[in-house]
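2 protein chains.
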Amino acid sequence: MLIAADDRGLAYGDGIFETLRLTAATAPFQSAHRQRMAAAAKRLNIPFDASRFDAEVAELLKPGEPAVGKIILTRGSGGRGYAPPAHPHPSWIVQRFPLSLWQEQQRADGIQLGVCDTRASDAPHLAGMKHLNRLDQVLARQQVMRAGWDEGLMLDATGAVLELTSMNIFARFGDNLLTPSLHRAGVSGIARDWVCQQGRLRGLSVQEGKLSLLRLREADEVFACNSVAGILPVRKLAVWQWQVGEVSRQLQQSFDALFE
Amino acid sequence: MLIAADDRGLAYGDGIFETLRLTAATAPFQSAHRQRMAAAAKRLNIPFDASRFDAEVAELLKPGEPAVGKIILTRGSGGRGYAPPAHPHPSWIVQRFPLSLWQEQQRADGIQLGVCDTRASDAPHLAGMKHLNRLDQVLARQQVMRAGWDEGLMLDATGAVLELTSMNIFARFGDNLLTPSLHRAGVSGIARDWVCQQGRLRGLSVQEGKLSLLRLREADEVFACNSVAGILPVRKLAVWQWQVGEVSRQLQQSFDALFE
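In the order they appear, the protein sequences are chains Y and B.
Read in order, the letters of the first sequence are residues 1 to 260 in this note's numbering.
Read in order, the letters of the second sequence are residues 1 to 260 in this note's numbering.
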């Protein structure tokens, strides 16, 4: 698949994307992905066609096998300069990848993290969106690879816990589930929303707020999530360790069941 | 010109660019652009081929007419996920645009600015580079267009003066020329470097530092610059006004002479 070299998605990262895990027949979080993309498109002032989104997902499902679908929506072609065209013709760029999951050992015993030197850009105007400006994550992930960690913890500009390079993070303290707020940075994950909902259904108090490294250390359990990998316990961050907890295990099973 | 849909420049804004003003026969700031691109490529760990850069500029010059050349360098194609390939094959994407300059009246009497609501992302790891993560500027420029300003002033996360959406800014106080430091945000412009150099040659004291809005108000003259437009006096920011100063005029003439 080819795109025009003057596409603003390339020139300026002027667009957004969704990555959907597909079963053989359905995309279980399709409507959540559609809603998130619609909301981000509105914030960026990119026209969004919900029925086109659903048509692209239907096309992705045709082979009838579990996979990962990626849908990129950009503002389309434009001339030189940051000013968007008055009447943009958005580009839909759709790709299908084989489903690759974490190893059974990591899913059962948890993953080990390091703290990335790259902090997430402080940018309230972009916070929460899965936009195409992802150099923070590219830089952070290079360190993860060099260091040989499973994943990397990214801090925000104040040094508080924010997210992993491609997952959101939760910490449980007794009956309280805490995840960092995403007002100034971070991606508002589909699986993160699902965990918040599930946590409340299971009688936990779920809060978004500030999570310092020192507070994280005291958590009863820590886990990470995204809509492809599901739920992964975190067993180690640098020299700190946690036990795999019951909430992680239960949520992991419930999530996985959605894709059976 | 077409590029692969899995190019990381599109997927993540994983690349950098240079915009060069060309005369009929030369690219006067060619070596400065090459050096800036080389330095940014090194920071992002993207292989950079200096002779390829020069070859692309030579190609851009072939038509023998003044123009604007744009050279995008991305990390090239990659699979799904932020982790860069171990051995990337960078993409060179080169475009040629007609030269379009500001109107004579704006060049002579100055431009009028507003203050953009979008503040520049606070991101020391990306500061200074002309990378492809430009949603800050895209959002800010939309406000410039809606408001009918000539250009927009972008503040940094602390509310200090940083730059315009596509130009750097200078304020003169007596014999002192001050431009905002770019340690946490902003693009380190080729024309900005040239102005710093020229200012010193002309006996001014040139400093990079913090520039608050209130301090800007007291400037004897204010001007903006980039390597295509050259030097533009600033005559107005919201309700504040400045006279067009001698330094702006002299630097504008010197800059323009480079392209005659």
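Please note that the accuracy of each hint is not assured.
Since the list gives no way to pick out one identical chain from another, each pair is judged satisfied if it fits inside one copy or across any two copies.
Below are the DSSO-like pairs computed for lysine-lysine, each with C-alpha atoms no more than 30 Å apart in a straight line [to be verified]:
#	residue 1	residue 2
1	Lys70	Lys130
2	Lys62	Lys236
3	Lys210	Lys236
Simulated from the structure, these hints should not be mistaken for laboratory data.
What you are looking at is a predicted structure, and each value in this text was computed from that prediction instead of being measured.
Status of the hints after comparison with the structure:
Taking CA atoms no more than 30 Å apart as the test, Lys70 paired with Lys130 passes in both settings, with 12 Å inside one copy and 27 Å between copies. In this assembly of identical chains, the alpha carbons of Lys62 and Lys236 never lie at most 30 Å apart, being 40 Å within a copy and 58 Å across copies at closest. For a Cα distance limit of 30 Å, the shortest separation of Lys210 from Lys236 inside one copy, 20 Å, qualifies, whereas the shortest one across copies, 41 Å, does not.
Taken one by one, the earlier hints fail for this structure only at number 2.
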